[in-house]
Amino acid sequence: MNKEQAQLDGGIDLNPDALQFLTFILNGEEYGVDILKVQGIQGWSKVTPIPNTPDFMLGVINLRGAVVPIVDLRKRFQLDIVDYGPTTVVIVVKVTGDDGERVVGMVVDAVSEVYNVNARDIKPSPSFSGSISTEYIRGLSMIENKMVILLEIDSLVNAGVLDMVPGELVV
Amino acid sequence: MFDDEGMDEIRQIFLEESTEGLDVMESGLLELEPGTADMETINNIFRAAHSIKGGGGTFGFVEVSDFTHWVETVLDEMRSAERDVTEDGITLLLESVDCLRGMMDSINAQSDYDTPRISALQARIVAVLNGEVDTGVVAAPPPEAVVTPEPTVEEQPSVEPAGNEEVETVIVEPAAELDKAPGAESVVGTSAEPSQPEVSIETDVAVEKAVSAPVAKAVETGKAEKGGSESGSSIRVNVDKVDSLLNLVGELVITQSMLGRFKKEFNVNDLSDLRDGLAQLESNTRELQEAAMQIRMLPIKVAFSRFTRLVRDLSRSMGKKVKLELLGEQTELDKTVLEKIGDPLVHLVRNSLDHGIETVEKRLAAGKPSEGLLRLSAHHEAGNIVIEISDDGAGLNRDKILSKAIERGLVGEDEQITDERIYMLIFQAGFSTADQVSDLSGRGVGMDVVRRNIQDLGGRIDVHSEIGKGSTFTIRLPLTLAILDGQLVRVGEETYIVPLLSIVESVFINPERVNVVANNQMLYRLRDEFLPITDLRAICGGYYRNMSLDADELDDKLLVVIETAGRRYGLVVDDLEDQQQVVIKALENNYRHVSGLAGATILGDGSVSLILDIPSLAQRCFSDLDEPEQLASA
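Protein chains in written order, with the numbering used here: chain L, 4 to 174; chain D, 6 to 639.
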């Protein structure tokens, strides 16, 4: 039984371990990504910039023979730009969209933990002003007295990143 | 009917074999000359029909085998010289081939057969077998064919019109007409018994007058909606190609073991051995790559073969005499390219037939032989395939195109333009010089699509024409879509790849030859020609239009002269690096299409390099040269 189904069944998760989230830090907040979507974690490496794309689209890298776009989440959500440091990592996720699966890397400040989250412990997200817009948030969960924001990674990457076209072009 | 899991595979095998058989039948029929009985050809056709019939029976497609049985009977009579090979007979058999193709499509889509068409055609064949003269394409099937139960339809219960008073008039319409009738929703509701799920042939062809036409359409609609089944396409490969691939893999294994021993111990004396081994590895890799590509290569004959039929049918319907000449049919190209080039070729051939080759009277009046010549040829040239479509018809009317272009504002009144550029104007969207729109062409849609399709394949098209003597369209395409011959160019810190096919030449820039005209557009005087130029760094830095270039900065830089859509442009780059074959990786796989880029590739050092899409880049940078008001805002 998949997670969506579990949620549809009144939020009762038959398998308490079904949901696992990898969390990362962005601008002091902790975000969780469904671990089944995560392909791997990479150190920062040089990207090939793509012309005529939004500035948060840093470019593409060679990931084991595949050309994978890298997006800077700080730039995407208009946070302060910080220099890439030793903890800066790229989380590579595989998302499902209308045109099939895509592999995309996201630059985040640091990777944190892997948590087991029970589906019924996910609270709907109130309208609040976090760094990432609420439309890409699946819910909130209190883990070890910390609030973790669980992301709807498919829509974040598809609608929030890949489908964005560059704005007014510099002429 | 096709619910079983295992059916999928069986159906696929049957479809592939039958499609090949139908191709054999069609090309055989086209070779047959009326009045003669070429035994070998007839035997070939007969054998193909026989295997389709056998396959249909074996795999449980009774309708196919029943229908083919009648076709086979006709062929058998021709084979045993009981029946003459006539033009009408060939046409009837060709129609049967088309009908069988339709049945194959239905099987593939798992939809219902186009029963009215099948039964109508079958009735005609039966009539011919009974010694009657075939009434041709639009004639109705003989009424008795409908009334007389035929051996193939025994499983379909007949409906009794007597029980329903609504059915008053019974008419018979030919299948060809029924197919074109506007759509309707239900078959069952209009038949005599609403509870009857199976519609018999009789009700299809003979129902109440008002509903007869739409009924048949419903059968068609059902077929169209279901769509084809999603099974991976397969390819037939010559055993020699597989053998050579295996040989190369064997060699690679030997090379690997030779290099593998250096893992254990290595001293300086082994250096030359290591170098030899690496050289061998390089040649193995290259050969293996070529052999692997060979597997995807198919002769262009596959695409050309359909034209025999197309030209025959079209020239007949237009009352023209056309001889089709096919050259270089064995020239091989990638399966994907082959599939995608089909439609543009059909368009160009139709165009040549419609606009190019004149009617018999006009040809005789112009002192030409009455029979027009349409030549399709293919050959390899420097890693590309070149396809030419030429005719000895009227040729393109240079003045007419020019005046039309001036009228539409595409060209200035007193602009000096070369003939080549004038001919390229026919590829503009919506451009047509045809005085009359025919159902074949002349609407001005199409040529731009043709060019776009060819460009999408990384190729280009050129026209050469001489009025009164004919025109030639030359298509140049890469042999494969997966690998491209590229020129690596350095721009700042980045390396980009320009497809070699687009490059005319590369020159050192002489800053004295650079002229800046209005709005920073720069022109470069190359010999006698002024080329619009732009700095690749400006484009790749995110600017669409030209940035002002300092003439001093141009020192030491290089100009890559590119040609697209018949015009030449210059791209300023910092340096030229290697030329190499690159494997194209689509950006769409993980991102989306980016205009100006054809894709990306991974270079030897593992870094990603972007491949430029020259036609779209040229359009972006230079298309508005003639529109000063847009440039003014720059």
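Calculated from the structure, these hints are not laboratory results.
Among these hints, one or two may not hold up.
[Stated by the list, open to error] To give a feel for the contact side, a few chain L residues facing chain D, derived at Cβ under 8 Å: (1) Asn55; (2) Thr56; (3) Asn65; (4) Ala69; (5) Arg105; (6) Val106; (7) Ile135; (8) Leu165.
The beta carbon of each residue, even a glycine, is placed where N, CA and C say it ideally should be.
Okay, the hints, checked on the actual structure:
Taking 8 Å as the C-beta contact cut-off toward chain D, the hint placing L/Asn55 at the interface holds, the least distance being around 6 Å. For L/Thr56, the shortest C-beta to C-beta distance to chain D is roughly 6 Å, which falls under 8 Å, so the interface hint holds. Given hint, L/Asn65 at the interface with chain D, holds; its Cβ is 5 Å from that chain's nearest Cβ, closer than 8 Å. The beta carbon of L/Ala69 is positioned within 8 Å of a beta carbon in chain D (closest approach about 7 Å), and the interface hint is therefore held.
Satisfaction of the interface hint for L/Arg105 is found here, the shortest Cβ-Cβ separation to chain D being roughly 5 Å, below the 8 Å cut-off. Interface hint status for L/Val106: upheld, as the beta-carbon distance to the closest one in chain D is roughly 5 Å, under 8 Å. This hint is violated: L/Ile135 has a C-beta 20 Å from the nearest C-beta of chain D, more than the 8 Å allowed. Using the Cβ-Cβ criterion of 8 Å, the hint placing L/Leu165 at the interface with chain D is satisfied: the shortest such distance is roughly 6 Å.
In summary, the structure is inconsistent with hint 7 from the numbered list given earlier, while agreeing with all the others.
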